[in-house]
Amino acid sequence: MKSGDVIQFSWKALSGYPTRTLLMILAMAIGVASVILLTALGEGARRFVTDEFTSLGTYLLIVLPGRSETTGGPPPLLGETPRDLTLEDALSLTRSSSIRRMAPITVGSAPVSWKHRDREVSVLGSTAELFEIRHLSMAQGRFIPTGDPSRGLAVCVMGYKLKKELFGNQSALGEWVRIGDRRFRVIGVLAKKGQSLGLDMGDVVVVPVASAQALFNTSALFRILLQANGREAIPKAKKAVLATIRERHEGEDDVTVITQDALLSTFDRILVAMTLSVAGIAAISLSVAGILIMNVMLIAVSQRTTEIGLLKAIGARGSHILALFLAESAILSLIGAGFGVILAFLGNWGLAHAFPRFPITAPIWALVAAVSVALLTGLVFGVLPARRAARLDPVQALSRR
Amino acid sequence: MIHLTDIERKFLVGDETVRALNNVNITVHQGEYVAIMGPSGSGKSTLLNIIGLLDRPNKGVYSLSDLDTTELTDDQQASVRRHKIGFVFQFFHLVPRLTSAENVELPMILAGVDPAERKSRVQAALSSLGLSNRTKHRPDQLSGGQRQRVAIARATIMQPDIILADEPTGNLDRTSGIEVIQILEDLHTKGITLIMVTHDPDLGKRASRRVQLVDGKISRDTGDS
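Protein sequences, first through last, are from chains R and P.
Just so you know, we're using the numbering used here here: the first sequence kicks off at 19 and counts up by one.
Just so you know, we're using the numbering used here here: the second sequence kicks off at 21 and counts up by one.
If you're looking for bench data, these hints aren't it; they were derived computationally from the structure.
Quick reminder that beta carbons are idealized off the backbone N, C-alpha and C, glycines included.
Do not take every clue at face value.
Stated by the list, open to error - Just the calculated beta-carbon pair ranges, DEER-fashion:
1) L92(P) x L41(R): 39 to 49 Å
2) I382(R) x S152(P): 51 to 61 Å
3) N153(P) x L352(R): 17 to 27 Å
4) P135(P) x L41(R): 28 to 38 Å
5) S152(P) x S417(R): 45 to 55 Å
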């Protein structure tokens, strides 16, 4: 028996019972589509987080005051009072050769007003290098000028949204605004940029770090952002930071250095695990489809008992019958998988239109895995009915009408 | 060519053993026309099934063209059925979703015959039985006589040596029954061995040899050689 004939015969058998065939294809398609779509969603979440981190800046190290114990153990008896990070600490870090850029950061919240309008926003005190480290870009004017960071100039750069709310369509450049109890001249407006990790860069006002410290009456820094010279320089930079700070803080390791890579890989691991478990749940629906195929094929075998008996009488071997019924389940699951892929792409497209900021793309491996798992389920669950058909006794099969 | 020696076939019905065939000995030569007759339950169909290699005897030897069939595997028996034996059943047993042409084509598909050759042989077979305008019809669009003719075309398409017919007219009216019998007898005159199970004495009289079965035993055989 030729394989083309096997496929043709099975195809005719399937098209002979269209309702049943369509229902099975639908079940298979839903299974395959849900595997692909859910994997795409998980993968999208992973990409989303990765993109967020990269938008923070490349080769980034974040220095936080205080020591975070990740190894566990009881808290110290006398309590730990970490030293503040100061501007001098920050400046001393730039001496390391593995560090390219440094931006100290002070954060506070203060009312910003112009004429009769005022808004409470986050005030970010930093230096000119923040511009490069955070990959910012300007809509108008310029960023905070380079120069001695300990001198507090009365200038500020506004986020896009804040400018819109205070000035509307008027030009803000050169205007004086009041931040807290001080007056600052607007020298630039940041370009529209997405949110990055909680801080909406459209809704801030950036001032020189010394001005912010004066504004909030503090000498402590919220954190220090560092950019290493390259990916390989990150561990070296981290070591240098710890050594420098230890030296300056009388032998105490009282800062925490977070590297972007470490954060990223943690999130990456979590999200990959999440994607896989979601795909696993979707795979259950695939196996349900497989069981459905088995059920319906078993019914088909008993419905077509006389046909099987006849085939045997006219000289079909057991292996012929087995091949015919296996081909039927394989065709069903293949077509189902095909429709599933189409369905998944439609769903993908719909989601991508509904949430344009969320990068949804089905990874190729998910596509291949879903289709091959579908085919495998079809064959595995098709074996039992096909074997039952192949083993039918022709005399008994033919004696039924 | 068909040579049955001491054939016995037992069935287990509940916890009782029923001997459907008991010590049957029969030899059928090439080109004979045999009617197997007897009351229902006498073992006629079982005998036909054993001759057709659909069933295996519990005891005895069945040799077909000097080949001991009891030694053959299932697959080898299938191959013998494919090439040497054609079946005609009381209930036609056409595949309902396939057209007449496709039904006739089935044995050749199983034998792996080339598609182009299949088409021409199907056309020839159907038109020789007066069905050339019924090739695209499905069985439910055909009359009983037409269905049985399609079944005969299917049984003969592989040019077998033997045709086994189990009550071929049992489900037909008188006119189409006679038509079908005449087709089968035509095949016999062309040299095919025809073995027919029937309980109709009129049909039995047409055969050159009549074998009477009672309770699984041959009670009368008009032409034993």
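Outcome of the hint check:
1. Remark: the range hint 39 to 49 Å for L92(P) to L41(R) is upheld by a beta-carbon distance near 42 Å.
2. Range check, I382(R) to S152(P): Cβ separation about 54 Å, and the 51 to 61 Å hint holds.
3. Roughly 38 Å separates the CB atoms of N153(P) and L352(R), a value that falls outside the hinted 17 to 27 Å.
4. Range check, P135(P) to L41(R): about 32 Å between beta-carbon atoms, so the 28 to 38 Å window is met.
5. Taking 45 to 55 Å as the suggested C-beta distance range, the pair S152(P) and S417(R) does not conform, at roughly 33 Å.
Violation of the numbered hints given earlier is confined to hints 3 and 5; the remaining hints are satisfied by the structure.
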